[in-house]
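Which chain is which? The protein sequence lines are A and B, in order.
First residue of the first sequence: 1, per my numbering; consecutive thereafter.
First residue of the second sequence: 1, per my numbering; consecutive thereafter.
I should point out that these hints are in silico values taken from the structure, not numbers from a laboratory.
Careful: at least some of the hints might be erroneous.
Unchecked claim - What follows is a set of in silico ranges between Cβ atoms, one per label pair, in the way DEER data are often shown:
no. : chain 1 : residue 1 : chain 2 : residue 2 : range
1   : A       : 257       : B       : 63        : 51 to 59 Å
2   : A       : 299       : B       : 113       : 40 to 48 Å
3   : A       : 305       : B       : 102       : 47 to 55 Å
4   : A       : 302       : B       : 113       : 26 to 34 Å
5   : B       : 96        : A       : 272       : 18 to 26 Å
6   : B       : 63        : A       : 414       : 56 to 64 Å
7   : A       : 257       : B       : 102       : 49 to 57 Å
8   : B       : 102       : A       : 339       : 36 to 44 Å
9   : B       : 113       : A       : 339       : 52 to 60 Å
Note that beta-carbon positions come from the ideal geometry of N, C-alpha and C, so glycine has one too.
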Amino acid sequence: MTQSKTGTKPDRPDLSIEGIRNFLAAIIASSDDAIISKDLNGIINSWNDGARRIFGYEAEEMVGQPILRLIPIELHHEEDFILSKIRSGERIDHFETTRMKKDGEKFPISVTISPIKDESGKIIGASKIARDISERRRLDESRYRLAAIVDSADDAIISKNLDGIITSWNNGARRLFGYEQEEIVGQSILTLIPDNLRHEEEEILRRLRAGDNIEHYQTTRISKQGEIREVSITVSPIRNAKGEVIGASKIARDVSNQKKVERLAIEAEKIATTGRMAAAIAHEINNPLASVLNLIFLARQPDVSNQEIRDYLETAESELERVSHIARQTLGYYRDTGKPSEVHLKDLMENVLSVYRSKLLAHDIAVESRFTDLRKIRVRTGEVVQIFSNVICNAIDSMPHGGTLLIRTARIVRTEGDAIQVVINDTGSGIAREHLDKVFEPFFTTKGNLGTGIGLWVAKQLVERHGGQISVSSSTDRGDSGTIVTMTFPFRGAEDEEAGSGRER
Amino acid sequence: MVDDERILADTTAAILRRAGFETMVTYDGLSALDNAASFNPDYLLTDIMMPVMNGVELAVTLTKMYPALRILLFSGQAGIANILEKSRQMGFEFPLLAKPVHPMNLVESLKALREN
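Work the whole structure out from these sequences, hints included.
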C-alpha cells in the first residue's frame with residue numbers, strides 16, 4: 001500500500017492514444033449490442049462479440065464478407081440507401097428493420113449507423129450498432145393486446161397513483177361514470193366518491209400501501225351527471241420492477257341492476273311471507289269467530305236457561321279474547337317502520353310460533369323452546385319476524401310426518417362484541433350434502449313448485465343487514481336426520497348499519 | 001262433526017242437534033274413524049287442518065266405507081289448496097264451507113246435500 005504514494009493512481013483514466021484505444025476496444029467487446037464496421041463497399045471489417053451472439057457468425061466467418069449476407073434478399077435495396085446516406089456524411093438513428101441470422105432466421109432489429117472518417121475527415125466506412133428488438137416487439141405486442149382488452153372491457157378499469165390521482169381510464173369507465181379520458185386523467189379519484197364516503201379512499205390507500213388487494217367491495221360512486229352508481233370494486237396494487245407499490249388498478253362493475261333485482265326479490269319475499277302468515281293468522285282468527293257465532297246463536301234460542309246463556313256468553317267472551325290476542329300479536333308486525341327498536345328476541349320468536357301454532361299442531365310437531373336471552377336487543381322487528389318465519393316454515397315443511405322443533409336463544413360472549421344466538425333445530429328430512437352449499441343462493445329450492453327458493457337467501461340478507469351471521473348444518477341420515485339453523489345478532493348490529501347506511505342505499 | 005277446535009265442535013254439534021240431526025262429535029280424524037262403525041253416519045262435517053289425519057283424508061277413507069255418505073268440509077284457512085288438489089287428483093271433490101259461517105247457513109248447506 002505504501003507504494004501507491006509514488007506510483008500512478010490506479011483509478012485515473014489512461015489518456016494516451018493507446019489507452020483510449022484499449023478502453024474503446026473493451027467497451028466494444030463487452031457490449032450486448034452488435035457493433036460492426038464496414039467500408040464504403042459494404043465489406044465488413046470488424047465484428048464484435050455482441051454481433052456473434054446476435055447473428056450467430058464468428059468474427060473469422062464475417063470479416064471480409066459483404067454486409068448483404070445479413071440482409072434478407074427482399075431488403076437488399078436498403079443497403080444502397082444506407083450507403084448513400086453514409087457517403088454524404090449522415091447518420092441513421094434507430095432504423096428498425098429485419099435482418100437474418102446464420103441459421104436463416106429473420107428477426108427485428110434496430111440499427112444506428114454512423115460514418116467513420118479518417119484523420120483528414122474523409123469518410124472511409126461506417127460503424128453499425130445493432131440491437132435485437134424481438135423481445136421488445138413481444139412486450140409491445142402484449143402491451144397493445146392488454147390495452148385492447150382493457151378498452152373493450154365492459155367493466156370500468158382505472159389506474160391511479162398512491163396520491164389517488166387517476167392515471168388511466170378505459171372506455172368502460174367512460175360509460176359507467178360519464179367522464180372522457182381527457183377530462184379525468186390527472187384528477188383525483190375523489191371526484192368519483194360521494195362526499196359521505198371519502199373516508200373509504202383513505203382506507204383503500206392505506207391497504208394498498210400495505211400491498212393488500214381489495215376484492216368485490218360493494219359501495220357507491222357518483223357519475224359526472226351526479227347519478228349514484230352502485231358498484232363492486234376490486235383494487236390491486238401496481239408495483240414497479242423493484243416490487244414497490246407505485247399505484248393501483250381498480251376494476252369497477254356496475255351492480256345497480258343486480259341490486260335492483262335483489263331489492264325486488266326481497267320485497268316479493270316479504271309479500272309472500274306476509275301471505276303465508278296471513279293464511280296462518282286467518283285460521284287462528286276464523287276458528288274462534290266461528291265458535292262465537294255458534295255461541296251467540298245458541299244463547300239466543302228461546303228454550304235455554306239463564307245459566308246456559310251465561311255459560312255461552314262467557315265462552316264467547318274468552319274466544320273473542322283469543323282473537324284479540326292474535327290480532328295484537330300479529331298485526332303488530334305490519335306496523336314495522338323499518339327503524340330498529342329494543343325488543344327481546346324471544347318475544348318475536350313466540351309471536352311467530354303463535355302464528356304457526358295450528359300448522360305445527362296439524363303436522364304433529366312438538367315445540368321445545370329454551371329462551372335465555374334476558375337482554376333486549378336493537379333490531380328491525382319486521383325483518384327479524386320474517387327471518388324466523390322463513391326458517392320455521394322450512395322446518396315445518398321438512399317434517400310432514402311430525403317431529404320436534406327445538407328453539408334456543410342465548411346470549412353469547414365474543415371478542416368482537418356480544419350477540420344473541422338463535423338456534424332453530426328440526427328433526428325433519430334434512431338437506432342433502434350436495435345442496436347444502438346452495439341453500440343461501442337465490443332461487444334455489446328443494447321443494448319443487450312449492451318453494452320460491454328465496455326464503456333462506458332473504459333471511460341471510462336480513463341477518464347480514466343486522467350485522468349478524470346465519471349458517472346451516474344438516475344430516476339426512478335415517479333416524480338421525482334434521483337441520484340446524486344458527487343465527488347470531490350482535491347487540492351493536494342494527495346501529496352500525498344505520499351509521500353506514502350510505503353504503504346500502 | 002269433526003274438529004280439533006273443541007268449542008267449535010261442541011257448539012256446532014249442539015246446533016245440529018237442535019236442527020234435528022243425530023250428532024256424534026270427535027276432535028280428530030282417527031277417533032272419527034274408530035267411532036264411525038257404531039254410529040253409521042249419513043253426513044260428515046269436518047275441519048280440514050287437524051293433527052294426525054286431515055279432514056280430506058278422513059273424508060276419502062269414510063267415502064270408501066260409506067258410499068252414500070254426504071260430506072261437507074269446513075275450514076278457516078286459505079292455505080289448503082294443495083290438500084284439496086291432492087284429493088281432486090284422486091278423483092274426490094268435496095264441497096267446502098269457509099269458517100266463520102252463520103249456524104243457519106251451515107244447517108242449510110247440510111240439508112242441501114240431502115236434496116242433491
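inquiry  = Assuming the hint says 51 to 59 Å, is it satisfied by the Cβ distance from residue 257 of chain A to residue 63 of chain B or not?
reply    = holds, 54 Å
query = Range hint 52 to 60 Å: satisfied by the CB atoms of residue 113 of chain B and residue 339 of chain A?
reply = With Cβ atoms ~54 Å apart, the hint holds.
ask   = Range hint 36 to 44 Å: satisfied by the CB atoms of residue 102 of chain B and residue 339 of chain A?
value = holds, 43 Å
ask   = Regarding residue 302 of chain A and residue 113 of chain B, is the given constraint of 26 to 34 Å on their beta-carbon distance met?
value = Given about 28 Å between the Cβ atoms, the range holds.
query = Regarding residue 96 of chain B and residue 272 of chain A, is the given constraint of 18 to 26 Å on their beta-carbon distance met?
reply = Holds - the Cβ-Cβ distance for residue 96 of chain B and residue 272 of chain A, about 24 Å, lies within 18 to 26 Å.
key: Beta-carbon spacing of residue 305 of chain A to residue 102 of chain B - inside the hinted bounds 47 to 55 Å or not   = violated, 24 Å
Pairwise beta carbon distance, residue 63 of chain B to residue 414 of chain A, judged against the given window 56 to 64 Å = For residue 414 of chain A against residue 63 of chain B, whose Cβ atoms are near 59 Å apart, the range 56 to 64 Å holds.
key: residue 257 of chain A versus residue 102 of chain B beta-carbon gap, inside 49 to 57 Å or not   = holds, 53 Å
key: Distance restraint hint 40 to 48 Å, applied to the beta-carbon atoms of residue 299 of chain A and residue 113 of chain B   = violated, 27 Å
Violated hints, listed in ascending order, are 2, 3; each of the other numbered hints is respected by the structure.
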